[in-house]
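Visitor: In case you want the letters, here they are:
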Amino acid sequence: MTGATPVAEGSRSPARARVLAAVVLTVVVGVALLLATGREPELRLVGAEPGGDAPLRTAPTSVSLTFSDDLSAVAAHLSVAGPDGRPVSRGAPTVDGRRLAVSTVDGGPGRYRLAYHLSLTDGSEVTGSGEFVVGTAAAPAPAPADSAGHQHLRRDGWNLALALVDLVLVLGALVALLPAGRRRRPARGGGPARR
Amino acid sequence: MTSYGVALTETGGRPGRLNGAHHRFALNAFMVVVIGHWAEHLTQAYQIWVLGWPVPQARGVLGLAYPWLVTSEWLHYGYALVMLVGLWMLRPGFTGRSRGWWTAALAIQFWHHIEHLLLLLQAQTGHFLFGRPVPTSLLQLVLPRVELHLFYNTVVFLPMVVAMYLHLRPSPAEQRLMACSCRPAAARA
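Protein chains in written order, with the UniProt record's numbering: chain A, 1 to 195; chain B, 1 to 189.
FYI, nobody ran anything at the bench for these hints, they're computed from the structure. Nothing here was measured: the structure is a model prediction, and the numbers come from that model. Beta carbons: idealized from backbone N, C-alpha and C, even for Gly. You may find that some hints are simply not true.
Per label pair, the in silico range of CB-to-CB distance [as the list claims (entries may be wrong)]:
id	chain 1	residue 1	chain 2	residue 2	range
1	A	Leu-160	B	Leu-129	25 to 35 Å
2	A	Asp-84	B	Pro-67	54 to 64 Å
3	A	Thr-58	B	Trp-88	38 to 48 Å
4	A	Leu-167	B	Tyr-66	16 to 26 Å
5	B	Arg-17	A	His-117	43 to 53 Å
6	A	Asp-69	B	Met-89	45 to 55 Å
7	A	Ala-115	B	Val-85	34 to 44 Å
8	A	Leu-171	B	Phe-25	17 to 27 Å
9	A	His-117	B	Leu-18	39 to 49 Å
10	B	Phe-25	A	Gly-47	45 to 55 Å
Chain B residues, not near chain A, derived (Cβ > 10 Å throughout) [claimed, not checked]:
id	residue
11	Trp-38
12	Trp-49
13	Gly-78
14	Trp-88
15	Gly-100
16	Leu-121
17	Val-146
18	Leu-158
19	Val-161
Input sequences plus hints: build the corresponding full structure.
Guide: So, in structure tokens, the structure goes:
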């Protein structure tokens, strides 16, 4: 007396449906990877001044960013905010080859934030942000995750480990969705298979 | 056996179409959404660690075309809500060992959803918890946001995968209790 209600055989084949679902999922993941690798940004940030994690003794008079390619013929924006959140960058940023720079004034000790935005000639955009600390007495910068806001990954061991675990889990999910390799036979003496 | 009996009452008594004839299809559709979400995260990881892209530019697939998606609290909350609803609605179809794992995923996702609700409310009101300069969830007091929410997604997904594996490969005793379309064809014969 199990009470279980057998599901009537429908028009679909469970095995075929499972294979179809697995194929669709594989294609989705594959296309996602292909799209992602095929759309590599042409321009990358490769350096910044001031750079590094050490606090600066004095506030810089300018901030410059160096990119992987020539910045000519693009619209560029670079702004820097001081510890109180007010802008310390002055004037329009200048472009010199691969370098984007803007003059800054002293905003006092603390954490400075910068943000940049580039409109490229191919219509795509490159944006990013960063920060630096002025003064040895400045409060330590909060964890990058806080300032990063919505970044989903960081380049460190913990994130890599979690990403690898998740990759294994996704593969496990795909395996789980695949048809079982070994079918359980109906109990001996049971009725004949329906088809 | 007792737990099986409880599951039988809930699934066999009023299976409903979602947790009956359409359970396998609904589960597949739900997993397409879940794995699609993971594909985005894993693509970001691929961009960072394999392709060497700067982290701010590693925005997965959709994030490259629509950068606002990556920063949208509405999107994050919406996905958390979809996960919660999906786990809740599909739970009656699970029986036996798989039901416990699926329920564990539902419980963890419920808390994860609360955390995202807090983030959404802070983003909308502009009032941030704990004097932080950005929206902050409760366990961010212990772990940074990036690691915390990746961890949340992981510990929700892990019991889901185990539950699905057990549900789609049931023991003979569990097969007798299943009333959904995930029941192996041989058991239905």
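Visitor: Work down the list of hints and note, for each, if the structure agrees.
Guide: Structure-based check of each hint:
Against the hinted window of 25 to 35 Å, the Cβ-Cβ separation of A/Leu-160 and B/Leu-129 comes to about 29 Å, which satisfies the hint. Checked against the given bound of 54 to 64 Å, the beta carbons of A/Asp-84 and B/Pro-67, roughly 28 Å apart, lie outside it. A/Thr-58 and B/Trp-88 have their C-beta atoms about 57 Å apart, which leaves the hinted 38 to 48 Å range violated. Range check, A/Leu-167 to B/Tyr-66: about 24 Å between beta-carbon atoms, so the 16 to 26 Å window is met.
Restraint check, B/Arg-17 to A/His-117: a C-beta distance of roughly 50 Å satisfies the suggested window 43 to 53 Å. Restraint check, A/Asp-69 to B/Met-89: a C-beta distance of roughly 50 Å satisfies the suggested window 45 to 55 Å. In this structure the hint that A/Ala-115 and B/Val-85 lie 34 to 44 Å apart at CB holds, the actual value being about 36 Å. About 22 Å separates the C-beta atoms of A/Leu-171 and B/Phe-25, a value consistent with the hinted range of 17 to 27 Å.
In this structure the supplied range 39 to 49 Å holds for A/His-117 paired with B/Leu-18, their Cβ-Cβ distance being about 46 Å. A C-beta distance of roughly 52 Å is found between B/Phe-25 and A/Gly-47, which places it inside the suggested range of 45 to 55 Å. Consistency note on B/Trp-38: stated as away from chain A, yet its beta-carbon is not over 10 Å from all of that chain's, at 5 Å minimum. Its beta-carbon lying about 6 Å from the closest one in chain A, B/Trp-49 breaks the requirement of being farther than 10 Å from that chain.
Consistency note on B/Gly-78: stated as away from chain A, and its beta-carbon is indeed over 10 Å from all of that chain's, at 14 Å minimum. Against chain A, the non-interface label of B/Trp-88 holds: every CB pair exceeds 10 Å, the least being about 19 Å. For B/Gly-100, the condition that its CB be more than 10 Å from all CB atoms of chain A holds, with the nearest at approximately 16 Å. The claim that B/Leu-121 lies off the interface holds: its Cβ sits roughly 16 Å from the closest Cβ of chain A, which is beyond the 10 Å cut-off.
In this structure B/Val-146 is not separated from chain A by more than 10 Å, as the shortest Cβ-Cβ distance comes to only about 4 Å. A cut-off of 10 Å between C-beta atoms contradicts the statement that B/Leu-158 is not in contact with chain A; the least separation is 6 Å. Here B/Val-161 does not stay apart from chain A, with its beta-carbon only about 5 Å from theirs, under the 10 Å limit.
This entry does not satisfy hints 2, 3, 11, 12, 17, 18 and 19, going by the numbered hints stated previously.
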